[in-house]
Amino acid sequence: MKIADDQPPGLSALDRPNSYIGRSVPRPNLARLTQGRGQYVSDVTLPRMVHAAFLRSPHAHARIAKIDTAAAKQAPGVVAVVTGAELATVITPWVGVLTHLKGIKSAPQHAIAIDRACWQGEAVCAVVARSRAEAEDACALIAIDYEILPAVTDAETALDRTTPVIHPELGDNLTFERALTAGDPDEGFADADVIAETTFVFGRHTGVTNEPRAIVADWNPAEARLTVYQGTQAPHMTQDIFAKHLNLESHQVRVLTKDVGGSFGIKVHIYADEMATVALSKFLRRPVKFVADRLESFVTDIHARDHRVTARIGVKNDGSITAFEIDDLTGIGPYSVYPRTSGIEANQVVNLVGGPYTCPNYRARARVVFQNKNVMCQYRAVGHPIATAVTEGLVDFAAAKIGMDPVELRRRNLIADDRYPATGASGIKFEKLSHHASLDKILAMMDYAKLRAEQAELRKRGIYRGIGFASFIEVTNPSAAFYGVGGARISSQDGATLRLDATGAVFVHSGVTEQGQGTESVLAQCVATAFGVPLDRVRVITGDTDNTPYGGGTWASRAAGIGGEAAWQAGKALRANVLAAAASMLQADAQTLDIRAGIVVDADTGRERITLEEVARVVYFRPDTLPPGFQAEFIVTRHYVPRAWPFAFTNGVQASYLEVDPKTGEVTLLKHWCVEDCGTVINPQLVDEQIRGGIVQGIGGALYENCLYDESGQMLNGNLMDYLVPMAPEMPDMQIGHVVTPTADSELGAKGAGEAGTAGAPACIMNALNDVLRPLGAAALVEMPFTPERVLRALGRI
Amino acid sequence: MGDDINAWNTAAAGMPMSARILDVNVRVNGEDVSAQVEARKTLVDFLREDLALTGTHIGCEHGVCGACTVLLDGAVVRGCLVLAVQCDGATVETIEGVSDSGTIADLQLAFQQRNALQCGYCTPGMLIGARELLARGGVPSRETIREHLSGNYCRCTGYQAIVDAIESVAQARAGVGK
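Just so you know, the sequences run in chain order A and B. Here the first sequence stands for residues 1 to 798, numbered as in the numbering used here. Here the second sequence stands for residues 799 to 976, numbered as in the numbering used here.
What the hints contain is simulated information worked out from the structure, not anything from laboratory work. C-beta atoms are modelled at their ideal positions from N, C-alpha and C, and glycine is treated no differently. Please note that a few of the clues may not be correct.
[As the list claims (entries may be wrong)] Per label pair, the in silico range of CB-to-CB distance: (1) A:Tyr550 <-> B:Gly828: 43 to 51 angstroms; (2) A:Pro775 <-> B:Arg934: 56 to 64 angstroms; (3) B:Val974 <-> A:Asp536: 29 to 37 angstroms.
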């Protein structure tokens, strides 16, 4: 078994005796999860709990003329049948806009549609019953008269004057538009010897979390408190929003998040059916549970990536890139999703295209339009897979046009490793990246020259293999610049509260959350190291708005870099407080003491002075023996938010080696490599597994995943039989390497690592495929997913 | 489709309750259970709702994702594709049972050490599926392991760590190191 090296890294400011930083220690929650002892929201049952099911619109756009609930109300087990108008007496609608996305607009969205359904799958009525099965039975007895309205489905024509406007009060179907010009793109293209241009098309896909969205809401009128068990990435955010729209104070709402069966950005948004569930609990004064089934997940979980980007690159014969230009169009469904908006992905595409390269000349336009399909919003690596595929696809097309090796063209244009800090063409700021070191490392890992020779040799024998690269950048550790400045009540700062118990163990309460990434392990490693105890003396508590510091949760690759730094600082502060108490007992200078492996020692010699258990015993049970005036403080809290940089950009490069069968169009992935630089690596195994899992999600988008809609707005493949996800037999082994460039914004120096895999994988799969097909005279593959049919079409075989 | 369900409901409503609720006697994780279940209730719903065995998960309810994988008379089945009443007279084992019996303790430990799970939602099904392959003995190739897992969906890991963990257990059980 290939367990990552469990070795401390080279000496740094983080070195402490018995350091856990840089070590692949196993996660504390895995024993429980391997024994079926997890506590997912799907598993929660409460006294008097009832189950909600939603009748959903079968039409993409329809006026609700009449709802007849009489038969449903008589059905066995039914507690209530509630329409949108009835529920609106309990919960207010919302609008998904932010002020820093200038001009973004959307319409009020209700927990349950009131007069009109705007996509196939929007809830139009709720049934609450003793069991989910009975609730679903009763849904089938609700009679609704629909007046079908014309559906706007094609983003390309959504802005045409002849296309109906989905929300007439908004004037048109434009959600958001951003234009950017940097440098002199016209001169850049005029200077180019060669211009490569194409239109990249990205399939609409979705997160397919293994556990669907799940929520149990428990309004207790006797306490005037709402307790919500929710599989969410951002408990404090949902607490704030539930309170706001139920007309409560946020301290009246407690959000509890235990185990979450996958999130990937799907579970960081506000969903109408979850808002309806909390409202139903308030309405019925008892606990209500809703777990989306797989079929309704496909038409209600946010979709993402449905972009069409016309793009071009100018390049000189010596390989220098002279200009980039893109025009991005994306359709995001009938509403901008609350509260993060559906403008962010297109905004990211504009920010990120051309990001790894020195070229200053850039023109971009992005348009986001409404349509009558399921909503789109932020999903793992928001915008990055699109921007990276556009940039890296163009780089490869340009390299082919001037007859240069694609690696060489990258080498000539990537920002030099000694040229930081640097600013990208779109204005994004890089503290310090390592594109060249990363490229050198991946070439060595894959033995590039040998692989090219093998490829050429095999081609002679009719075996068609391709090699593709993708350099990328990734946004991590976001400051308030991401959401806070736009008016969203989403915390960018995070905190950790540490408490020494009476036996010398440490409790860590953190505002970041765990959905399987290993957040709790990383927090424990930071605290154990900074404070000075063995890992098994640290217990981590997350996902409880009553009992954790106010924080943002886990998204945008922020948990380790932000939550980890707060935990690290809190560990140092608690150590100082405990040493002050120990010093008072020992009549020693606290500066001469340290805590190592749970024992207070002389810092110079390591000689044992007193155990933590003994210090705790005295402080808690015999404080009368401490010197007068001394008060021990064994609870500390520290917070952290990045201030020096709006985001901690990371970088990396991926490579794919694959084979195409020209007769069938089938793609076989042979090997995948990734070198990435997330700064300080707290737990190498967890970082590598984040990258591997992320790569496979990226491969899903490149080869399989696509939410197919017909012209009337019906999703055609909304089930796991027809919507293909990556499964074990088709996935390659992946080799991961690292370059370590810590951020100086925090003492820990850790940047995020959760989205790098997804950011780069589609681009390098695309480039590897075109590396196979180009010598065969095929048309360029630029429309994802690259199905066998599309490969065969590119080859002209069908 | 709504009409079909309405028709079914009308017909079902006219049926005597005795025809819709059936007795089932089943041995679950070594304990005899006698219960009355609706004819339409799936095995996984019965395990989770009636017996509170929540280690078996629900991912798709149409037999693709494998999160509900359990053992029925020793064979791997999808708990969402078997009705509870079909299990009358049978033996069912779930992740709780195989955990308590210790029969896959080495596999569970390997999953922990190799971080072969992230959110853990697929893991019980994945372990029960892998147990079947390992029970055949020998050291399967990585391709064989991957093929054997083809009915178990994991969104988190990318599968490589799972293959590594299963391979390592096969090697250890066969007494071959790597």
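For each hint, the structure was consulted:
no. : hint                                      : result
1   : A:Tyr550 <-> B:Gly828: 43 to 51 angstroms : holds, 47 angstroms
2   : A:Pro775 <-> B:Arg934: 56 to 64 angstroms : violated, 44 angstroms
3   : B:Val974 <-> A:Asp536: 29 to 37 angstroms : holds, 32 angstroms
Checked against the numbered hints given earlier, this structure breaks only hint 2.
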